[in-house]
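The primary structure of each chain is shown beneath.
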Amino acid sequence: MEHAAPPAWVMLAYLISGVFFILALRGLSSPATSQRGNRFGMAGMLIAVVTTLITHEVASLPEILAAIAIGGGIGWVTARKIAMTDMPQLVAAFHSLVGMAAVLVAAAAFLNPEAFGINGADGLINPVSRVEMGLGIAIGAITFSGSVIAFLKLAGKMSGAPIMLPMRHLINLGTLAAILGLIGYFTVDQSPWIFWTITALAFVIGFLLIIPIGGADMPVVVSMLNSYSGWAAAAMGFTLHNTAMIITGALVGSSGAILSYIMCKAMNRSFISVIAGGFGAEAAATGGPAKEQRPWKRGSAEDAAYMMQQAESVIIVPGYGMAVAQAQHILREMADVLKKQGVSVKYAIHPVAGRMPGHMNVLLAEAQVPYDEVFELEDINSEFAQTDVAFIIGANDVVNPAAKTDKTSPIYGMPVFDVDKAKTVFFIKRSMGGVGYAGVDNDVFYMDQTMMLLADAKKMCEDIVKALQH
Amino acid sequence: MDFISILSIFVMACFVGYYVVWSVTPALHTPLMAVTNAISSVIIVGALIASAAGGSPTAKWLGLIAVALASVNIFGGFAVTARMLAMYKKKER
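These protein sequences, in sequence, are chains A and B. Using the numbering used here, read the first sequence as starting at 1 and increasing by one per residue. Using the numbering used here, read the second sequence as starting at 1 and increasing by one per residue.
Just so you know, these hints were derived from the structure itself, not from any lab. None of these values were measured; they are calculated from a predicted model. Here a beta-carbon is modelled for each residue, glycine too, at the ideal position from N, C-alpha and C. Do not rely on the hints blindly, as some may be mistaken.
[Unchecked claim] Label-pair restraints from in silico Cβ distances:
no., chain 1, residue 1, chain 2, residue 2, range
1, A, Leu-180, B, Phe-3, 16 to 24 Å
2, A, Arg-80, B, Thr-58, 42 to 50 Å
3, B, Thr-58, A, Lys-404, 35 to 43 Å
4, A, Met-432, B, Trp-61, 17 to 25 Å
5, B, Tyr-19, A, Lys-407, 33 to 41 Å
6, B, Tyr-19, A, Asn-268, 43 to 51 Å
7, B, Ser-5, A, Thr-175, 28 to 36 Å
8, A, Ala-178, B, Leu-7, 36 to 44 Å
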């Protein structure tokens, strides 16, 4: 049975929905327009859902509404309750749901092809549709199982350390080849066993691909899975000839791909080496080069308060350690006090400062730091040379000059802040023993103009605020 | 629609996506991920078709589960994006 083309207004409605999704992303070019963008996104989704419901004979409206209510309720409550520090695992969990939904839709399409209008004149599923369905279910399944592992690692329910299987590259490539081969064979033979084998293999490969990737690389993985969830939606859009799904899939696919690229660049790692996995393990194993004893200076909260009050400009470099210590609110208070005393305060954010792209910006926004005081690496890095105080809190690798000078360093080539050019550096750290993710020593500790503030970040900021108010 | 028209839409949309996403300010990359998550749940269209159709009870139930999963994402994704975006404030003057 050949599928009759839907009426023109239906195609237009899906097109409008797709355009609204483009506008949703377009709104994110500035915080000022972003909320309107988000509303465009919601409107686009509403149009797509309503159009689908009124153009299909809906035999089971109460069940559908119940499903939407249950799912929507869970989603709404989760979104209200989630802590901003937990955003990476929430996003990973959401990715897994998109993946699973794609798998279920593809499976339903395979079981009931007539409903989707993908049967050819011979009563079999169109060969082109079979490829699309095969790709859709495979990408969906990879997204699902990969995101579940990413979620478990990010939520700390599974060790962030990479799990290395012997011959994993061979196993992975073999499995991928088998999936592609079966999708090819599926075009000539639509037996159920082929379809379900593709599904099972894809679930396994998603799992195998993510377990060897270490915790430090999770920002790339989350972005990559974001991309996959888009490609899964696009593949199903091809099956359903639905422009809204195709446009969205392409948008989300590119978005995730670009974010992965940005994250890889910020860590100076090639995408292939991230995917091949194993970063965290090497760092843990070597623990950095043998440490020599070098002199360093210890500062106090009073020193920091005094120096910053005397300064004209202060740049704060926050890292994830700040969020772990829950110091963002007291840090903003410190900045407020300084600003009242006429000091210019700016925040410098490295792309890998949080645990996902843009994570640190959200954490600062939550602490009511105005977004026009927050600057990206390339926009602020030239200012350190004219800055009186660089205040480093919870960051380490992103200010390590070895990335610029030491070719043997594991972080060589990673873009870093030039804090060594500031007149004075305050470096908050729990103790002199610990090192960053990459496990390398940091020359900034031992510079003449550096004072180490050895304490819990939150406690130290509280003490500085007290000292400032004297 | 034939395959070639669909493919054209897809390829054009990839280019649009490329340029639109590069214009997103890095400060909003986390909301970007949350909102892309929400919109990729437009896959709910397929889920609705499956759950609305008669013919195969299994397909209908798979569809209904997919509707519920996609709804978690749609409501959760848009709500959490809205919550984050509301936090971004300009300097008070």
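Hint by hint, here is what the structure shows:
no.	hint	result
1	A:Leu-180 - B:Phe-3: 16 to 24 Å	holds, 20 Å
2	A:Arg-80 - B:Thr-58: 42 to 50 Å	violated, 35 Å
3	B:Thr-58 - A:Lys-404: 35 to 43 Å	violated, 60 Å
4	A:Met-432 - B:Trp-61: 17 to 25 Å	violated, 60 Å
5	B:Tyr-19 - A:Lys-407: 33 to 41 Å	holds, 36 Å
6	B:Tyr-19 - A:Asn-268: 43 to 51 Å	violated, 25 Å
7	B:Ser-5 - A:Thr-175: 28 to 36 Å	holds, 34 Å
8	A:Ala-178 - B:Leu-7: 36 to 44 Å	violated, 26 Å
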